[in-house]
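Student: Take a look at the letters that make up each chain.
Protein chains: 2
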Amino acid sequence: MKKVNVAIMGLGTVGGGTYDILTQNHGYIKSTQGLDIRVKRVLDRDREKALGRGVPQTAFTDNIDEVVADKDIDIVIETMGGVEPAKTFITKALKSGKSVVTANKELISKFWYELEPVAKENGVGLYFEASCVGGVPVIRTLTESMQANRICELYGIINGTTNYILTKMTEEGLGYETALREAQQLGYAEFNPSADVDGYDAVYKLSILSSLAFHTTIPYKNVYREGITRITADDIKSARELGYVIKLLAIGRRDGNKVEARVHPTFVPAEHPLASVRGSFNAVLLTGDYVDDIMLYGRGAGARPTGSAIVSDVIFCAKRRSHDYTDFAVSETPQAGTEIVGDFTSKYYIALTALDRAGVLASVAKILAESGVSINTILQKGNSGDHATITFLTHKAGEHAVMGALEKIGRSEYVRSIDSVIRCL
Amino acid sequence: MKKVNVAIMGLGTVGGGTYDILTQNHGYIKSTQGLDIRVKRVLDRDREKALGRGVPQTAFTDNIDEVVADKDIDIVIETMGGVEPAKTFITKALKSGKSVVTANKELISKFWYELEPVAKENGVGLYFEASCVGGVPVIRTLTESMQANRICELYGIINGTTNYILTKMTEEGLGYETALREAQQLGYAEFNPSADVDGYDAVYKLSILSSLAFHTTIPYKNVYREGITRITADDIKSARELGYVIKLLAIGRRDGNKVEARVHPTFVPAEHPLASVRGSFNAVLLTGDYVDDIMLYGRGAGARPTGSAIVSDVIFCAKRRSHDYTDFAVSETPQAGTEIVGDFTSKYYIALTALDRAGVLASVAKILAESGVSINTILQKGNSGDHATITFLTHKAGEHAVMGALEKIGRSEYVRSIDSVIRCL
Numbered sequence: 464m465k466k467v468n469v470a471i472m473g474l475g476t477v478g479g480g481t482y483d484i485l486t487q488n489h490g491y492i493k494s495t496q497g498l499d500i501r502v503k504r505v506l507d508r509d510r511e512k513a514l515g516r517g518v519p520q521t522a523f524t525d526n527i528d529e530v531v532a533d534k535d536i537d538i539v540i541e542t543m544g545g546v547e548p549a550k551t552f553i554t555k556a557l558k559s560g561k562s563v564v565t566a567n568k569e570l571i572s573k574f575w576y577e578l579e580p581v582a583k584e585n586g587v588g589l590y591f592e593a594s595c596v597g598g599v600p601v602i603r604t605l606t607e608s609m610q611a612n613r614i615c616e617l618y619g620i621i622n623g624t625t626n627y628i629l630t631k632m633t634e635e636g637l638g639y640e641t642a643l644r645e646a647q648q649l650g651y652a653e654f655n656p657s658a659d660v661d662g663y664d665a666v667y668k669l670s671i672l673s674s675l676a677f678h679t680t681i682p683y684k685n686v687y688r689e690g691i692t693r694i695t696a697d698d699i700k701s702a703r704e705l706g707y708v709i710k711l712l713a714i715g716r717r718d719g720n721k722v723e724a725r726v727h728p729t730f731v732p733a734e735h736p737l738a739s740v741r742g743s744f745n746a747v748l749l750t751g752d753y754v755d756d757i758m759l760y761g762r763g764a765g766a767r768p769t770g771s772a773i774v775s776d777v778i779f780c781a782k783r784r785s786h787d788y789t790d791f792a793v794s795e796t797p798q799a800g801t802e803i804v805g806d807f808t809s810k811y812y813i814a815l816t817a818l819d820r821a822g823v824l825a826s827v828a829k830i831l832a833e834s835g836v837s838i839n840t841i842l843q844k845g846n847s848g849d850h851a852t853i854t855f856l857t858h859k860a861g862e863h864a865v866m867g868a869l870e871k872i873g874r875s876e877y878v879r880s881i882d883s884v885i886r887c888l
Numbered sequence: 464m465k466k467v468n469v470a471i472m473g474l475g476t477v478g479g480g481t482y483d484i485l486t487q488n489h490g491y492i493k494s495t496q497g498l499d500i501r502v503k504r505v506l507d508r509d510r511e512k513a514l515g516r517g518v519p520q521t522a523f524t525d526n527i528d529e530v531v532a533d534k535d536i537d538i539v540i541e542t543m544g545g546v547e548p549a550k551t552f553i554t555k556a557l558k559s560g561k562s563v564v565t566a567n568k569e570l571i572s573k574f575w576y577e578l579e580p581v582a583k584e585n586g587v588g589l590y591f592e593a594s595c596v597g598g599v600p601v602i603r604t605l606t607e608s609m610q611a612n613r614i615c616e617l618y619g620i621i622n623g624t625t626n627y628i629l630t631k632m633t634e635e636g637l638g639y640e641t642a643l644r645e646a647q648q649l650g651y652a653e654f655n656p657s658a659d660v661d662g663y664d665a666v667y668k669l670s671i672l673s674s675l676a677f678h679t680t681i682p683y684k685n686v687y688r689e690g691i692t693r694i695t696a697d698d699i700k701s702a703r704e705l706g707y708v709i710k711l712l713a714i715g716r717r718d719g720n721k722v723e724a725r726v727h728p729t730f731v732p733a734e735h736p737l738a739s740v741r742g743s744f745n746a747v748l749l750t751g752d753y754v755d756d757i758m759l760y761g762r763g764a765g766a767r768p769t770g771s772a773i774v775s776d777v778i779f780c781a782k783r784r785s786h787d788y789t790d791f792a793v794s795e796t797p798q799a800g801t802e803i804v805g806d807f808t809s810k811y812y813i814a815l816t817a818l819d820r821a822g823v824l825a826s827v828a829k830i831l832a833e834s835g836v837s838i839n840t841i842l843q844k845g846n847s848g849d850h851a852t853i854t855f856l857t858h859k860a861g862e863h864a865v866m867g868a869l870e871k872i873g874r875s876e877y878v879r880s881i882d883s884v885i886r887c888l
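Residue numbers (the working numbering), protein chains in the order written: chain A, 464 to 888; chain B, 464 to 888.
To be clear, the hints were calculated from the coordinates, so they are not data collected in a lab.
There could be a bad hint or two in this list.
As the list claims (entries may be wrong) - Computed list of lysine-lysine pairs in PhoX-like fashion (alpha-carbon distance at most 25 Å, straight line): (1) A:K465 <-> B:K782; (2) A:K782 <-> B:K782; (3) A:K583 <-> B:K782; (4) B:K782 <-> A:K466; (5) B:K700 <-> B:K844; (6) B:K493 <-> A:K782; (7) A:K493 <-> B:K782; (8) A:K534 <-> A:K466.
Generate coordinates for the entire structure from the input sequences, incorporating the hints supplied.
Tutor: Right, dumping it as structure tokens:
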């Protein structure tokens, strides 16, 4: 029976869930995996909380150096979150010859290029399945099941908070603010919800997942980001009328050396597999050149699912005598030869308010046509006084062309406002 | 750069797909995985076909002993299908110190207990991700991502042929025979479709998957099996009216030492994630005690997806210096302490034709009630002459109780026929 000693750094929600699995399923893991995994150390600032959760006095520490100096510890689990002190602590652990398992998406997406070389130099592992999409095994599927494939597309609903809010807006007709408040009351959204609703969380995850999928660095700074705060009940209604639902999608695409990586609200066709991913559930659709589509669906957050992903990394790591390292997570910037495309193509849903007068629609269409953007479906909706709301879907067009045309349209005297611009799958 | 030499035994559909990936993505796999994988030998009966597919003269052989004797070959891929000669060939390969990757569900479900000990004795690997659900990484998810979890439930649409037929019946109102013929014309169903439509294929897969999920032998002979040949257009219509779709589900459940394993047509609620799995796509929903639900969706068959699963096993195997062995796949019969439950509980959809006369429904309900089966929803449908079709859903009840009650009902003078008995999720 192989003995494995681990330390947990940070006994918050995810660290607590991890502690629970490792203690409650200890015997089960021992009998099915042949590994006797002991939590030898728990590092936290709050001794009382840790002891209250059942951590033995002898296991508790608030000093990283005690973890690092302990030769018996094989694997360090980092569940503190945020960049510092997690980065310093992980670096110390790697340098002391311990493998690290982390759930820290912000840290990995920002400093993978610093941490990976340290792991490699010291011959230890750096695992972070739990950093992306909680309990859903997206990273393991990319690295252990789709390895033979060139991956060309990745579409994900990878933030549960925004999916919960959009689902509430779609199914119950709530406005954004009401749905957000409900998510906050249920603990799905933070008091300051920006990391979720502005798309940062999804950007971190997409930067990690698309780097792994495309075997090239996609820095988080190069991921296009747009959150859901401007989505209105009218947008949701229009989407439904046109046969779509609105989702915050993370999109990665590769075509040769050209890569797209973007997070934005998206019209998803109602019959698409991702359209039926509701509430706080997450899903990722991956397309490989041989395996075609694989969709993975499950709980993208929470103590128990995320803890499950962490312990699966611990077991995976403990069974290996050597670890894999990437050849791409070594730079803060895109690799030479990889072009991260900003001027991607998409279909667009556009809503604007204009004077309710003959010829206005023709003028709008003319400006779009001059930019090479053609209209697919028009849905002119009710008018109020002398103004009308015009909504339409375009055919596929370039991002820059559409934005250029909309700038011109926005300046024209007969248009009062451009209310919505939402990309379509 | 690690060199890996493989042999492919059987250059049919899946073997051909595997050969294509290994040759066409050779450079990609080399650069991203650090493995130089060469197909050194291709074993087949048909030399001309193999050479026509691009296999070099020097690589071709029709003699297993040439493969076994070749010390350079590290991994043998078996894509012949069927029990013999695959079993003999795999055994020889394992005994000669070569790891084996196979797509052979029938062989693994029937003789895993013989092959696994041979692999273990010789310290080599036996991998079979491709045997279950084609390109969908169900086995890897069970063994490498959900290892920390006690798995309590597994629901799968794991046969593409039957799902294609049922989808056609559902979406186009086709009868079973017409949908089957269409599936045959498209190559989704064999000329003799029994292995698929009678549920044998799904039984083999469920026996493997539920054994892995529950860490105990679930022999294929102990899996309850019922195919789709008796599903009628009326059943499909009734299902829709009641808010369900009919799917051939593979169901595995564990509660302590009690295990259920069954394959049968099932009423699946229309809003359930498995209900929207259409056509030849497959999906498996796994529930663990910590991770909760994970659903995996993709192509369950075909040369390229199944080839992708095989090559992922080859890469996974090639990177390991030691291999995992189960403690349960060592017996042809269920392990002591594991009870495979035949008298499971379920809700049931029942359709019968009876005399159109007052009191008939009350008599039916009375017999059911005496057996402890209570009716949830009644949907009495049109009558023809003096007979009426009565359809209803029961509450949860025991299989034996329901079957016993139906036998009595079937014998009663006012009932002409019991037309459908379909279990509900």
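Student: A separate judgement is required for each hint: does it hold in the structure or not?
Tutor: Hint-by-hint comparison with the structure:
For the hint pairing K465 (chain A) with K782 (chain B), the CA-to-CA distance comes to about 20 Å; that is within 25 Å, so the pair holds. A threshold of 25 Å between alpha carbons decides the hint, and for K782 (chain A) with K782 (chain B) the separation of about 12 Å falls inside it, so the pair holds. Between K583 (chain A) and K782 (chain B) the CA atoms are separated by roughly 16 Å; this keeps the pair inside 25 Å, and the hint holds. Straight-line distance between C-alpha atoms of K782 (chain B) and K466 (chain A) comes to about 22 Å, which keeps the hinted pair within the 25 Å bound.
For the hint linking K700 (chain B) to K844 (chain B), the alpha-carbon distance of about 11 Å falls within 25 Å, and the restraint holds. At most 25 Å may separate the alpha-carbon atoms for a hinted pair to count; K493 (chain B) and K782 (chain A) meet this at roughly 24 Å. Between the alpha carbons of K493 (chain A) and K782 (chain B) the distance comes to roughly 24 Å, so the proposed pair stays at or under 25 Å and holds. Taken as a hint, the K534 (chain A) and K466 (chain A) pair is honoured in the structure, with Cα atoms around 13 Å apart against an allowance of 25 Å.
Every hint from the earlier list agrees with this structure, and none is contradicted.
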